[in-house]
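Student: Residue strings, one per chain:
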Amino acid sequence: MSSHTGESVAAGTTVLWDEGHHGHDMISTRTFGFWLYMLSDAMIFAALFTAYAVLGHNYAGGPTAAQVLRPGDALVETMLVFTSVLAFGFAMSALKQGHRTGVLNWMTVAFVIGAAFVGMEVHEFANLASHGIVPERSGFLSAYYTIVLTHGLHMVFGLLWMAVMAVQVLRDGFTENVVYRLLNLKIFWHFQAIIWVCVFAFIYLQGSI
Amino acid sequence: MLVHLQGPWTPLIGRLSLHQIPYDNPIVVGAFIFALAVAAVLAGGVTYSGKWGYLWREWLTTVDHKKIGVMYIVVGLVMLFRGFIDAVMIRTQQVMAVGVHSAGHLGALHGYMPPYHFDQVYSAHGAIMLLFAVTPILVGLMNVVVPLQIGARDMAYPYLNALGLWLTTAGAALIMLSLFVGDFSHAGWVGLTPLTELPYSPGVGVDYWMWAIQVSSVGTTIGAINLIATIVKMRAPGMKWSRLPVFTWTSMATNIIGVTTFPVLAATLFLLSLDRYLGTHFFTAGMGGNLMLYTNLFWVWGHPEVYFLVLPAFGVLSEIVPTFSEKPLFGYTAMVLASLGIAGVSWAVWLHHFFTMGAGPDVNAFFSVSTMLVGIPTGVKVFNWLLTMYRGRLRFDTPMLWATAGVFILLTGGLTGMMLAVPAIDYQVHNSVFVVAHFHNMILVIAFAIMGAISYWFPKVFGFKLNEALGRRVFWYWTAASIMVFVPMYTLGFMGMTRRLDYVFDPRWRALLIAEEVGIGLYWIATYYQIKQLYVSIRDHRANRVEADAWGTARSMEWMTHSPVPFYNFAVTPRVHARDEWAWRREQGFTSLRPERFQDVHMPKNTAVPLVLGALSFALGFGLVWRIWWLTALCVVAIVAAVIQRSFNKDTDYVISAAEIERLENGASVVPLKPRAQPVPAGGAAGGAIASRQAPSSRHPGD
Numbered sequence: 001m002s003s004h005t006g007e008s009v010a011a012g013t014t015v016l017w018d019e020g021h022h023g024h025d026m027i028s029t030r031t032f033g034f035w036l037y038m039l040s041d042a043m044i045f046a047a048l049f050t051a052y053a054v055l056g057h058n059y060a061g062g063p064t065a066a067q068v069l070r071p072g073d074a075l076v077e078t079m080l081v082f083t084s085v086l087a088f089g090f091a092m093s094a095l096k097q098g099h100r101t102g103v104l105n106w107m108t109v110a111f112v113i114g115a116a117f118v119g120m121e122v123h124e125f126a127n128l129a130s131h132g133i134v135p136e137r138s139g140f141l142s143a144y145y146t147i148v149l150t151h152g153l154h155m156v157f158g159l160l161w162m163a164v165m166a167v168q169v170l171r172d173g174f175t176e177n178v179v180y181r182l183l184n185l186k187i188f189w190h191f192q193a194i195i196w197v198c199v200f201a202f203i204y205l206q207g208s209i
Numbered sequence: 001m002l003v004h005l006q007g008p009w010t011p012l013i014g015r016l017s018l019h020q021i022p023y024d025n026p027i028v029v030g031a032f033i034f035a036l037a038v039a040a041v042l043a044g045g046v047t048y049s050g051k052w053g054y055l056w057r058e059w060l061t062t063v064d065h066k067k068i069g070v071m072y073i074v075v076g077l078v079m080l081f082r083g084f085i086d087a088v089m090i091r092t093q094q095v096m097a098v099g100v101h102s103a104g105h106l107g108a109l110h111g112y113m114p115p116y117h118f119d120q121v122y123s124a125h126g127a128i129m130l131l132f133a134v135t136p137i138l139v140g141l142m143n144v145v146v147p148l149q150i151g152a153r154d155m156a157y158p159y160l161n162a163l164g165l166w167l168t169t170a171g172a173a174l175i176m177l178s179l180f181v182g183d184f185s186h187a188g189w190v191g192l193t194p195l196t197e198l199p200y201s202p203g204v205g206v207d208y209w210m211w212a213i214q215v216s217s218v219g220t221t222i223g224a225i226n227l228i229a230t231i232v233k234m235r236a237p238g239m240k241w242s243r244l245p246v247f248t249w250t251s252m253a254t255n256i257i258g259v260t261t262f263p264v265l266a267a268t269l270f271l272l273s274l275d276r277y278l279g280t281h282f283f284t285a286g287m288g289g290n291l292m293l294y295t296n297l298f299w300v301w302g303h304p305e306v307y308f309l310v311l312p313a314f315g316v317l318s319e320i321v322p323t324f325s326e327k328p329l330f331g332y333t334a335m336v337l338a339s340l341g342i343a344g345v346s347w348a349v350w351l352h353h354f355f356t357m358g359a360g361p362d363v364n365a366f367f368s369v370s371t372m373l374v375g376i377p378t379g380v381k382v383f384n385w386l387l388t389m390y391r392g393r394l395r396f397d398t399p400m401l402w403a404t405a406g407v408f409i410l411l412t413g414g415l416t417g418m419m420l421a422v423p424a425i426d427y428q429v430h431n432s433v434f435v436v437a438h439f440h441n442m443i444l445v446i447a448f449a450i451m452g453a454i455s456y457w458f459p460k461v462f463g464f465k466l467n468e469a470l471g472r473r474v475f476w477y478w479t480a481a482s483i484m485v486f487v488p489m490y491t492l493g494f495m496g497m498t499r500r501l502d503y504v505f506d507p508r509w510r511a512l513l514i515a516e517e518v519g520i521g522l523y524w525i526a527t528y529y530q531i532k533q534l535y536v537s538i539r540d541h542r543a544n545r546v547e548a549d550a551w552g553t554a555r556s557m558e559w560m561t562h563s564p565v566p567f568y569n570f571a572v573t574p575r576v577h578a579r580d581e582w583a584w585r586r587e588q589g590f591t592s593l594r595p596e597r598f599q600d601v602h603m604p605k606n607t608a609v610p611l612v613l614g615a616l617s618f619a620l621g622f623g624l625v626w627r628i629w630w631l632t633a634l635c636v637v638a639i640v641a642a643v644i645q646r647s648f649n650k651d652t653d654y655v656i657s658a659a660e661i662e663r664l665e666n667g668a669s670v671v672p673l674k675p676r677a678q679p680v681p682a683g684g685a686a687g688g689a690i691a692s693r694q695a696p697s698s699r700h701p702g703d
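Line order of the protein sequences matches chains A and B.
In terms of our numbering, the first sequence is residues 1 to 209.
In terms of our numbering, the second sequence is residues 1 to 703.
Note that these hints are calculated values from the structure, not bench results.
All the pointers check out, no bait thrown in.
For the chain B half of the interface with chain A, some residues (derived, Cβ under 10 Å), not all of them: (1) Asn226; (2) Met234; (3) Thr260; (4) Ala267; (5) Leu274; (6) Leu278; (7) Gly286; (8) Asn290; (9) Val300; (10) Trp301; (11) Arg575; (12) Glu596; (13) Gln599.
Backbone N, C-alpha and C fix where the C-beta goes; we use that ideal spot for every residue, glycine too.
So here's chain B without its partners, still in its complex pose (with noise of 0.2 Å):
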C-alpha cells in the first residue's frame, strides 16, 4: 500500500540518513552555528539566574491567555525574523544575478544560490511568514486583549489555549528543522500540484512543509474554536453585542473564517498527503486525478486565510485611532457590519488567484465583480478611521504613527488590489511581481498594525512603555524600507519581470533591484533600531512606569486594570454601562479600580499536557516526514493517550478567596505579571496540576 520511494530506507530511522544533512552547505552551516549560539546565549543567561524553574511553572505551563497570548507573538517574532532572512537572500540572489555576464559563487551558476536552493528559500519565506510569523502575532494579540476587553477572567477553554499556541510551536519548529536535517519544500508555499507530487517533488521538502502546516493548522482551528466560544459566552454583565469593542468583533470575524475555512486546508493537505504516501491520485497527473481540484480546494482556503490575517489588524487601527484621535470610533454599526461582511464574502472570491488557468470569461466574471464587492466594506473602514481623525485631538504618539500609515498603505495596496481584480489586468500581470509587490502591500498593513499593537499594548502586559524615540526611528525605517522595496517591484512588474526568478534575464531591471537591495538594508537598520528599543525599554523600565490607562485616553475595558495585568485579569468582574466602557466612566468619574466588596475567583490550574502533546506533535510530523513509521505510531498512541488520560484528571482548577485577591490588591500599587518566587507545591507528570500562585511581592524599589 506505501508507495515506492526514491532513495534508502530503513526499518529504524525510515528515509533519514547522514547525507541529509547539508554540512557542506556554508549557508546552512553559518545559520545552524548562529542558531546554536543564540540558543547557548539563552539557556546560559537562564541557568544563571536559576531560573528554569520558573521558567517551567509560570511559562510553560501555563493557561494563563495573557501569557500565552505574549508567547504567541514571540515564536511569531523570532519567525518574523526568520522570514525576514529568507527575503533577505531573495533579494541578494536577484541584484547579484542580473544578466549573462553575472558571476556565480558557491556552487551556482549566477547569484550564489543554485535554483534548487533559492525555491526552498522563496517557499519557506512564503509559508513562515504568513502561517508562522503573522498568524501566531496576531493569535496571541487576540488572546491577550479579547478576553480583557469583554470583561472575561481567562478564555472559555485555557488548557485547549496552551494546546493551540504549542502545536503552533511544533509546526513552527518541524520547519526550522527542515532547514539543517534535509530540504524543504521547493514547490513555493502554495504547493501547486503535479509538482507537489511525489514524482516531482521525491525527496522530503514537500513532506516537511506539508507537516508543518497540518499540525499548526490544527492549533489555529482549536484557538479559533476558543475565541468564538469566549466572546459569545464568557462577557461581562451589560456586555450586550452592541457594547463590544471593535476590536472583540473584528476577532469574532477573523475566527467565523479561521473555524469554517482551516478545516478546508487540512482535508486538501491530507488528500495530498495519501497520494505522496499511499500512492492515490486525487492530483496525481493522469489514473483520474485532478490537478485543478488542488489549485481551487487550496485557494478557498487561501484566500479566506488572508483576511484572516487582514481583520484583526482593521480591529488594531479601530483600537488605536480612537485613543488618540480623544473620539470614540465613528460609525460603530458600519464597522461591525464591515467586517462580518468582508468575513462572508472572502469566501466568494478565490478564484481572483488564477484567473489565467482556463475559467473562462463567465467564470472569471463573476469572481471579478465579488472580489471587487469586497472593497466597499473595506472603504467603509477606510473612511471611518479618517472620520474618526477629523477634528479630533490628535496625537502621534508610536502606536498612531504606525496606524495612520497603515491606513495609507491600505490605500496603495487595496488600488492595486482593485487594478487585479479586473481579469483583462491581471492577464497582463499574473505571474510577474506586480503582483508580488500588491500582496506584500496589504501584508505591511497587518505587519504596520502588528507594530503598532505591540506598542500600543505593550504597557498593558507589562507595565512600562516602550522607548518613544527609539520607536519613532523603528517606524520611519519601516516606512522608508518598505517604500524602497516594493515601489520599484510594482515598477518591475510592470516592466515584465516575472516572479520567482533566481537568474534575472534582463540587465535593464538591475537599477531598480539595487534600490530594492538598499530599501532591505533599510530594513536591516530598523531591525537594530528594534532590538535597541526592546534592549533601552527594559533597561530604563522604572523610569518609564504606566497605571492602567497607559495612553490617558484609552477607551476600552482593558485599561481598567491594572499593568500589568494581575493573573485574574479583573479583582472583580466589572459591570458594563456603554460602548467603551472605560472611556464612559472616565467622563462619569468612576475612574477608580477598586470594588467594596471583593469576590471568590475561580482559576484553572497549569498543566503540562498541552507542552507534552505538542512536543508528541512534532515527533509524529518528524516520523511522518522521514517516514518512520514506528515513531509514527507510538506518537499516535502516546497522544491519545495522554489526551484520555488528562480527561481523568479532576483537580484541573483552584479558587483563590476573596481575602486573599485583597491582599494581591493591596500588595503593591502594580501587581507583577512575574511573581518572587515562591516556593510552590509541584504537580505531577502529564496531566498533573500546579497552581499558578502570584505571589504577594514585597514592595518593588520605585513604587
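One chain only, chain A, in its complex shape (with noise of 0.2 Å):
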C-alpha cells in the first residue's frame, strides 16, 4: 500500500537530502523556548492565586485584609515595576540600534528602580513582621506573605540577571548569546510586571474593599 501523501517523483530531480545547509534560527529557538518556560512560570502562579481565592478570607481571628494590605504603598510598588520595565523596553530599542552604552545605561536604570521595588516590598513585610502580622498566624497571611513574596524573588532572579548581563553585554558585545539572553531577559521582566498586575488587582484592590 503506498503513502498517497507523498509527493510527485519527477526523475531525477527529487531532492532527498538538504544539501543547501539550511541552518536553525537559534535566536528565535531560545526565545520560544523561553516563553513556554514562562508558560510553565504562569501555572505556579495560576496555583498560588487558586490557593489566595480559597484562603482569602481566612483570617482565623487574626488581621484581616483591611487590616493589613496598603493598596497605597502597592500603588507606588506598582509605578516602580511599570518605569522599570518602560526602562527595560529602552534598552531593547538601543539593542535594535545596536548601542551598547544605551543597552547599559537603561539596564542600570531598570535594575535601580527594580531594587527600589524590592526595597519597598521588603520594607513593607518587614514592619508587617514587626507587629506580628506573620505568615504562621492564618491562611490568608500564608497565602499573602507567600504569593507577594514568590513574585518578588522572581523579580530579584531578574535584578540578578541584569547584573549577569550588564557584565556580559561589556565584556562580548552583542553576540549571539547574549541577543537571546536579553530577549529572554525582556520578556521575563515584563512577565513579572503582567502577574504583578494581578497581585495588585487581586490581592491589593480586592481585598481592600
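With the hints as a guide, dock the two chains, each given alone in a separate frame, to form the complex.
Tutor: Structural data, given as C-alpha cells:
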C-alpha cells in the first residue's frame, strides 16, 4: 500500500538530502523555549492565586485583609514596576540599534528602579512582621506573604540576571548568545509586571474593599 | 520563623543522627547489602576494563539525546525493579496477614511488616513506579526517538536535556537514600493533608517524598519545554505538521500537558513545604488552612499526569502496529486530533479521584461526564489500531505481541475506568482494591507499550536485535502474571477489600490473595527471563546485527539512518516528501542512505555542568530533608554560581568537517555508538567542554 500523501516523483529531480544546509534560527529557538518556560511560570502563579482565592478570607481570628493591606504603597510599587519595565524597553530599543552604551545605561536604570521595588516590599513585610503579623498566624496571611514574596523572588532573580547581562554585554558585545539572553530577560521582566498587575488588582485592591 | 521540630537538631547535621540508620531492621540491612554488592560488581567491572575515562567522556558528560535517552531508560528500569520489590513486599504481607490467627514475624503482629513500615512500602511503591520508573523510561524513549523521527541532529537544548536527566537521577537517589537513612513517607504517594502536615508526620519521611518529587519535577518540566521546542523548531525541511509521525504528535501532546501541569505540582508541594518548614497554614487542620485545597491542587496535576504517561504509550502502539501490519496507520488525522483532545480534556476531570469527598451531585455530574468524554478519543485510537491491522500482512514479532496485548489491556482498563466514572458506582468501590486494579490495569498498558518500545527500538540504538525466543517467553510470563495478579484484585474489590491493608481481616479473601501471590511469582520468572534475554542478546550480538531498517517494514525516519545511530544522526539532513517518509522512499526505490555531497555538521560539546548541578540538587534535597541549613544555603549559592559560570562559557559547540563525516560514513558499514578509544583533549572542570568525537574505528571483525 502506498503512502498516498507523498509528493509526486519527477525523474532525477527528487531531492533526498538537504544539501543547501539550511540552518536553524538559534535566537528564535531560544526565545520560543523561553516563552514555554514563561507558560510554566504562569501555571505556578495560577496555582498560587488559586490558593489565595480559597484562603483569602481565612483570617482565623487574626488580622484581616483590610487591616493588613496597604494599596497606596502597592500603587507606588506598581509605578516602580512599570517604569522599570519601560526603562528596560528603552534598553531593547538601543539593542535594536546596536548601541552598547544605550543598553547598559537603560538596563542600569531598570535595575535601580527594580531594586527600589524590592526594597519597598522588604520594608513592607519587615514592618508587618515587627507587628506580629506573620504568615504563621492564619491561612490568609500565609497565602498573602507567599504570593507577594514569590513574585518578589522572581524580581530578585531578574535583577541578578540584569547584572550578569551587564557584564556579558561589556565583555562580549552583542553576540548571538548575549542577544537571545537579553530578549529572554525582556520577556521575563515584562512577565513579572503582568503578574504584579494581577497581584495588585486581585490582592491589594480587592482585599481593601 | 522555623517550626518547632520533634526530636534532636544540631546546627552541623540538623536532624540527622546515627539513630536514623535502621541497622536493626533485617529487611533494610539486606537491601543495603544487596545494593552494595551490585555497586561493587559494577564498579569492579568498570575498573577492571579500564573504562572510567570512557564512562566520564562518553556518558556522564554527554549531551547527545540518544545517550541521555538510554540513561533515562536505565534509571527507570532500575527504579522499576525497586518498585517491583516494594510490590512483592506488599503482596507477601497481605497474603501472610490474613485472619486473626495469622502469625507475626520480625516485630509485626501479623505478617512480617508492622503498619508503619507497610505504609512506607506502598507509598514508595506508588511514588517510585509513577515518577521514577515509568516517567523516566517514557521521557527516555521520547528523547531517543523524536529527534530522529523529525530529522534533527539533537534536541533544541542539548545542555538542558542532560540537566533534566541528572535532576531526575538526583530525585531517584534521594528516594533510594531514604531507605537507608531515615524513613520514607507513610502517607501514600498522593500525600493527602493533614496526614502529611508536621503534627501527623513529624519525621523526615514526608520531606524525602516532597523533595525527591520536587527535584525530579524540575527535570521533567525542563524536558517538556525541550521536546516541544524541538518538535516546533527543529524539523527537517519538508517535515510539515501533516507529515509528523504519530509518536511525535503524541510526544507533543504529552509535553504540552507536562509544561502546563507539572508547575502546579511544584507549587502545591512548595506550599506544603512552607507548612512543614515555616509553620504556615495552607493545608493545616485549623488556623485558616483548607484541607481540600491540597486534594484539589494535587489532583489538578495528578490527572493530567497519568495522561502524560499514557499518551506516549499510545504513540508507541501507533508506531509498532503499522510496522508489523505493513500498512500505514489508519485514520492519521483522527489519531492526531484524538491525542490533542485527550491532552485537553485531561485537564477537566480531576475531581473523579475524590467523588466521595463531599462535592455534591452537581459537581460530581460535571466531572463524571468529562471523564466519560475522554473515553471517546481513546476509543477512536483503539478502533484505528484494529483497522490498521485489518487486512494487513501481520507479523507477530516480540514488539507486536506487546502492542497487541496492550490494546486488549486498554479495553479492560478503560471499561473499568468508565465504570468508575459513574459516581454511583464509584461510591461503592471507592478506596477498595477495585480502583487499585483499575489503575494498575491502565499502567499495564503503559508497561506493555514500554516493553514493546524497548524491543522495537533497541536494534536502532544498539545495532543488534534482542533474542526473539526469550523475548516471547518474557511476554507470555508478563501476560500471565498480570492476569494472575489483577483479575483477583478486581474480584476482591467487589467483595469489599479496602486498599492499603496491612492486616486482612476477612479469611474468605485468602484464596484470591494466594492467587495474586502466584502472579507475583510469575513476574519474578519474567524478570529472570528478561535478564537472561539481555545477557544472551549481548553475548550473541554479532550474530544478530541489523542494518538501518532493522525490521524491514518500518515507516518513519529513524529507520533511515544506520543502526546504531551515529552521534550526528544523519550524514546530511534529509528532505521530507511524505508522511511515513521511509516507507515512501522504500516504495519509490530511494533506499540509499548516502548523499551526493556531505556537509559540515555543527554539534554541541560535552559538559560536566549538568552532572554537577544534579549532584548539587541531590545535596540540596538532602540538606532540606534533614534541615541542615548551612548545606542548603551552600548548595543554593553553588547552583546559582554554576549556572552563571556556564553562561560565561563561549566554547560550547564544535564543527565536524564534511570530509570527516564522509570518512565516518565510509569507515564502517555500521558506525559504532561506542568508539574505539582515542585520546581526547580533556576539558576543564564545571563549565569545561569536552569534545565528543567518535573515532573512526578499524573494521570490526565480522563486518
